[in-house]
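*Asks:* The listed protein sequences correspond, in order, to chains A and B.
Using our numbering, you'd call the opening residue of the first sequence number 1 and step up by one each time.
Using our numbering, you'd call the opening residue of the second sequence number 1001 and step up by one each time.
Bear in mind the hints are in silico, worked out from the structure with no lab data behind them.
It cannot be assumed that every hint is accurate.
[Unchecked claim] Part of the chain A face toward chain B, derived, beta carbon under 8 Å: (1) G63; (2) Y114; (3) V133; (4) V134; (5) A137; (6) Q138; (7) R141; (8) R145; (9) I148; (10) R151; (11) K152; (12) I166.
[Stated by the list, open to error] In the DMTMM-like style, the derived pairs of lysine to aspartate or glutamate whose C-alpha atoms are separated by at most 20 Å in a straight line are: (13) K394/A <-> E53/A; (14) K152/A <-> D1055/B; (15) K1054/B <-> E142/A.
Here the structure is a predicted model, which means the values were calculated and not measured.
Note that CB positions come from ideal geometry on N, CA and C, so glycine has one too.
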Amino acid sequence: MSKKIVIDPVTRVEGHGRVSIHLNEAGEVSDSFFHIVEFRGFERFIQGHPYWEVPVLVQRLCGICPVSHHLAAGKAVDALSGLQPGDLSPATILLRRLLHYGQIFQSHALHFFYLASPDLLFGADAPPEQRNVVAVAQANRELARKGILMRKYGQEVIRALTGKRIHGVAAVPGGMYKTFSPAERAVFLQGTNGLPGIATMIEWARETLEFIGQYFEQNRIWLDHFATYPSGHLGLVASDGALELYDGRLRAVDARGGRILDDIAPADYQQYFGEGVEEWSYLKFPYLLSLGREDGWNRVGPLARINACDYIPTPLAEAERQRMAEFSGGLPNNRSLYYHWARLIELLHCAELMQEILEDETVLSDDLLRKGERQPEGVGVVEAPRGTLIHHYKADEKGQVTWCNLIVSTTHNNEAMNRAVREVARSELSGHAEITEAMLNQVEVAIRAYDPCLSCATHALGQMPLQVQLLGPEGELLQEIIKEGH
Amino acid sequence: MSREAALMLAIGNDGRQDDGLGWAFAQAVRAEGLFAGEVALRYQLQVEDAELIKDFETVLFVDAWKTNEEAPFFCAPCLAEATTSFSTHSLSPQALLHLCLTLYDAAPTAYQLGIRGASWELEMELSAAGRTNLHAALEAWQRKSVT
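When you get a sec, could you build the whole thing from the sequences and use the hints?
*Replies:* The following block contains the structure:
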């Protein structure tokens, strides 16, 4: 008798997803699916609103990465206002970048310290009561305390620039809403009683990388083989091939490093990308038109970005990139769990970038606004914490939005996460008479590596649990794990 | 409870009708000068809030209360408890207190005020029943019968 396993909800991810695993008569995994069962409607209900409201409205897609949506929409609205990124004032460019790096810094810290570290510290087969941040706090108090303050640092940068830690206002068409004061800058450069300065953030990021480097040395066999499969890798790069998180050109490389997309203006994305749909998920499946739906999918996010770029333009992070590259012989790394390492390299990179900006006097300038000539269409692309984020709007002559398309980071990783589930289900579950909770957690570990934001990807509302189901050959439910969300 | 060195941590979402009761209570007592301590609003309690509450003698968690009981609100001591939700970046008040103790050796005296809500749809306004319960909680607060 064949079986079907369902993991529902998948835990320690942002949002609600469900995994179903089908077993054949021999108890081997015959198929698996990662279903995103939230429904989204932002692309529709944004229509009719004035385009200048869009950056404020669409950030409500998410409570974890609202700044990324705010800035991608802000760039698109700049384009609708007739302004390209280079047309903005130097102070606006620096302030938006500072905000962006603060967002990535806090998001990466949250994921590593709160969500991923239990898997790494205690192992994927640890008891469920140990796989949480409270257990991390008990086992490694200093690590947990530093993680909290690193997340706080990024959140405070966001609050200083937008007025709130979540859902504030910063980008306006052609500029920024407020200036950055010398007193605010001093807080982030030197720190205060409750918040260490940027030098400490860099030091702690390096310490965390030292920890993860040793961890990868010690656990290399598992890390190299778990959820490993070839794919393309997509990200923004600067004109010289450097890693670029805020404003660059699109590049995709294949599993061996060959360029399959290069030097593409983000505004031209529709010429290169299609979006597939499946009846079992609300999440779309983006792919490169030149390669087709089956072969044209890409990983995005920290690992993909580091695979796609030629180098990282800050020295400490670049040294770490080179160290990680040795683990894959200098070729693109196609191993899912290396996302954790790549994420921490970006954590350090963002800290270095924030230090550069904070030490630049231009950031204090009150020259923030530029004006252009209205255009009917605008595209904004940034590298959000989880990957390439595309916002595209059209507006009529009254300035009302008439059309919107969003390709969210987690959407790009949809196929990659499904492959990860399939790989792990086949390697960990096939042929076992009994499927244990620890085995099912391995599936979740694979998904968590991608740090998916399912609420973002579907713009969902309401409670967001994650579940796993094991199904028989006739589709009968054999086993189910449901963990209620909030 | 001493209202000096106190923190009111209100949890909720005013875009979901009565889920905003906690925020509405905190904003009302602050606006009317009925609370001398600090007030903070949260969509949900997160790990980093352990770092916030460690510095206060007293913490009052205020949230909407989803219940079948008829009382308009409840107020009770809140004790540290080693429970964790699956997502672990969203914590209960009890788990947050436990985390605070674990990380910082700090144990603020804590209370929980829950105000009964009736409707949780996507609207900015409290329901009529929610407003009634909010007023009951505010009156009790003014009479200092919530202490």
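*Asks:* Run every hint past the structure and note whether it holds.
*Replies:* Structure-based check of all given hints:
1. The beta carbon of G63/A is positioned within 8 Å of a beta carbon in chain B (closest approach about 6 Å), and the interface hint is therefore held.
2. The restraint placing Y114/A at the interface with chain B holds, with a minimum CB-CB distance near 5 Å, inside the 8 Å limit.
3. For V133/A, the shortest C-beta to C-beta distance to chain B is roughly 5 Å, which falls under 8 Å, so the interface hint holds.
4. Nearest Cβ of chain B to the Cβ of V134/A: about 5 Å, under the 8 Å cut. The hint holds.
5. For the restraint placing A137/A at the interface with chain B, the shortest Cβ-Cβ distance is roughly 5 Å, inside the 8 Å limit, so the hint holds.
6. Below 8 Å, beta-carbon pairs count as interface contacts, and Q138/A has one with chain B at about 6 Å; its hint therefore holds.
7. With a cut of 8 Å, the hint placing R141/A at the interface with chain B holds, because the nearest CB-to-CB distance is about 6 Å.
8. Of the supplied interface hints, the one on R145/A holds, with its beta-carbon coming within about 6 Å of a beta-carbon of chain B, less than 8 Å.
9. Residue-level restraint check for I148/A holds (minimum Cβ-Cβ distance to chain B is 5 Å; threshold 8 Å).
10. For R151/A, the interface hint holds, since its Cβ comes within 8 Å of a Cβ in chain B; the closest pair sits about 6 Å apart.
11. Restraint check, K152/A versus chain B: the minimum CB separation of about 5 Å is within 8 Å; hint holds.
12. A distance limit of 8 Å between C-beta atoms decides the matter here; for I166/A the minimum to chain B is near 7 Å, and the interface restraint holds.
13. Distance check on the hinted pair: K394/A and E53/A sit about 13 Å apart at the alpha-carbon level, within 20 Å; holds.
14. Of the pairs offered as hints, the one joining K152/A and D1055/B holds, with about 16 Å between alpha carbons and a cut-off of 20 Å not exceeded.
15. Proposed proximity of K1054/B and E142/A is supported: the alpha carbons are some 16 Å apart, at most 20 Å.
The structure is consistent with each of the numbered hints, conforming to all of them.
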